[in-house]
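**Q** These are the residues of each chain, in order.
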Amino acid sequence: MADTPLITARHLHKTYSMGDVEVHALRSVSLDIHRTEFVAIMGASGSGKSTFMNILGCLDVPTKGEYLLDGVDVGKLDKNMLARIRNEKIGFVFQGFNLLSRTTALENVELPMFYNNLSNKERTERAMEALRIVGLADRHHHMPNQLSGGQQQRVAIARSLVNQPSIILADEPTGNLDSRTSVEVMEIFQDLNDRGITILLVTHEADIAEYTKRNVIFKDGKVRTDIMVEKRRSATEILKTLPAIGDDAGEEEAA
Amino acid sequence: MSILNILKVAMRSLNRNKLRSFLTMLGIIIGVGAVIAMMAVGYGAQTRIQDQIATLGTNVLMIFPGSSNQGGVRGGMGSSSSLTTDDLAAIKEQCTAVQMASPAIRTGGQIVYGDNNWASTIMGGTAEYFPIRNWPLSSGQYFTEADVRGATKVCVLGQTVVDNLFRGGECIGAVIRIKKLPFKVVGVLAMKGQSAQGTDQDDIIIAPFTTVQKKVMGQTHLNTVLVSAVSDDAMGEAQAQITELLRVRHKLQAWEDNDFTVRSQTEIANAAESTTQVLTILLASIASISLLVGGIGIMNIMLVSVTERTREIGIRMSIGARGRDILFQFLIEAVVLSVLGGTIGVITGVTASKLISALAGWPTMVSATSVAMAFVFSAAVGIFFGFYPARKAAMLNPIDALRYE
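Respectively, the protein sequence lines represent chains A and B.
Residues in the first sequence are numbered from 1 upward in steps of one, following this note's numbering.
Residues in the second sequence are numbered from 1001 upward in steps of one, following this note's numbering.
Since the hints were derived computationally from the structure, they do not count as laboratory data.
Do not take every clue at face value.
For lysine-lysine, the following PhoX-like pairs were computed, each having C-alpha atoms within a straight-line distance of at most 25 Å [claimed, not checked]: (1) 1214/B / 1192/B; (2) 76/A / 222/A; (3) 121/A / 1008/B; (4) 1184/B / 1214/B; (5) 1092/B / 1214/B; (6) 1392/B / 79/A.
So that you can see chain A by itself, here it is in the shape it has in the complex (with noise of 0.2 Å):
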């Protein structure tokens, strides 16, 4: 099983059709990613490269080809079916953080523990695990708009790891966020990594891809460029070189 690719995506198509035009979102993408790579997927925007991160997450599902995560044929899948592989095996991070307002830190970190049947005592501790891995532990009790930007994409981050997914789809998490927190979140994820967690994400900005394993391109819905990182990025490296403008606790009192 070792050699058997996490994903495997063969010759995927995506077409839209908008009243009479067909968009051809995606043109026979085929991509193999192994468990603990950490890929970066770029491309300008209309590459087709959310498109697929969609069909990755099993948010959509492809106009033609197949896609296989973890040895089952998600296009095989009825609705139902996709959200249990969404809640179980896949981890999502998002560009705009997409957490419930008004509801703690803790609590949106349980969420998805409440669709498949938890106790409450054990959903507690496995949320509470998740936040001390990204550092929030102890501010469990915060809301949403109580947070940094950066705070609230860590948070993002826990509630995405707390089901033990297969692999984390994180969307241009560094898009709302400054290069500091950007290179924090990289070092969360960089950390993820070498805990042996398989993380794929989509980004326009290529010094974040530095910090991943494999950057592939994508372009006019097709893959372009695929190559392996030579000198990858060390985050916490970097930090170090960084001027300390005020930690995370500074940014939230002025806030």
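Given chain A, work out where chain B should sit, using these hints.
**A** Same frame as chain A, but now just chain B:
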């Protein structure tokens, strides 16, 4: 998601928009409250009529002679003189389902005692009249069968007559004048109150029918005969036996109609009851319309809520909520709204019916059935009007929902 957690989420989201939730519930509160109060008024009226009818005795049959027909001019019911004392004796003797029988001949007249006078109803019966009508004494005693046979001038008074003639003085043993004839008062009857038709049943003087026939009215036939059946179940049988016996005694041919009528209290009771039932249904259906309007209010606000929370729905779906989970979440929210509204509505309705009783003096009765029905209906309203918005939420495409601004 467990039902408890769904409930928690629903309560929290309703809590966030307190005023909005309350206004939405108000429709249901008014609807349920109105249904409960209207039904209470209706049931109250119905119970009062039933009680009044019970004061007449439930196993009582009334026999009236038919109408007279003199040269084509027909009198009203009871105008003919076909019912006689011999008929009465025969009924008592031969009808096995009949327990007791008494004539009830009725006339009116002026009664005088000392300086006071009062116009009242004079009723002639036998000693059995009192047990048939289930009418106890408050003081003194009834007249006896011997008084009936001897046509003695004794009488028993109703409370209203006592109040008007004696004004608090002692009346047992007193001699009053009925149409100028002296009658000795032997007893006073207990209060019976108003009849189903609204007449004062206590405004009455009861004397042996023989005395009334010969000395007051000067007639020999009977206007009415009251009969009690051996039990409530034997009413039909008693009616059949009497009808058969009287037809034979009156020598009626098979093609001739009865020259008498046998009626039971239940028939009168049923007529009165169906009238109030129609009234209750009418009131309740008007009130249900406001419940319907309340339901539409719930649907409206749930649709707004689904639109407002499209992004939340997208988030929940992306982390693994199935359509069913989303459907339940919004459906439960609607049901919580309507059942909460229903509960407050029941309290409001009960309070309102108490107020109606206190202020307007109408009898009201909140039945357990109407409370249970109000609950079931409000839950049903929640499910019915909550389903469409909830389904709309469940059918959302997660990608579109996530992108929704």
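**Q** With reference to the structure, classify each hint as holding or not holding.
**A** Status of the hints after comparison with the structure:
Restraint check for residue 1214/B and residue 1192/B: not satisfied, since their Cα atoms lie roughly 29 Å apart, outside the 25 Å limit. The hinted pair formed by residue 76/A and residue 222/A meets the criterion: a straight-line CA distance of about 24 Å does not exceed 25 Å. Restraint check for residue 121/A and residue 1008/B: satisfied, since their Cα atoms lie roughly 16 Å apart, inside the 25 Å limit. Distance check on the hinted pair: residue 1184/B and residue 1214/B sit about 17 Å apart at the alpha-carbon level, within 25 Å; holds.
A distance of roughly 22 Å separates the Cα atoms of residue 1092/B and residue 1214/B; the hinted pair therefore holds under the 25 Å criterion. Of the supplied pair hints, the one linking residue 1392/B and residue 79/A holds, its CA atoms being roughly 16 Å apart against a limit of 25 Å.
Of the numbered hints given earlier, the model fails hint 1 alone.
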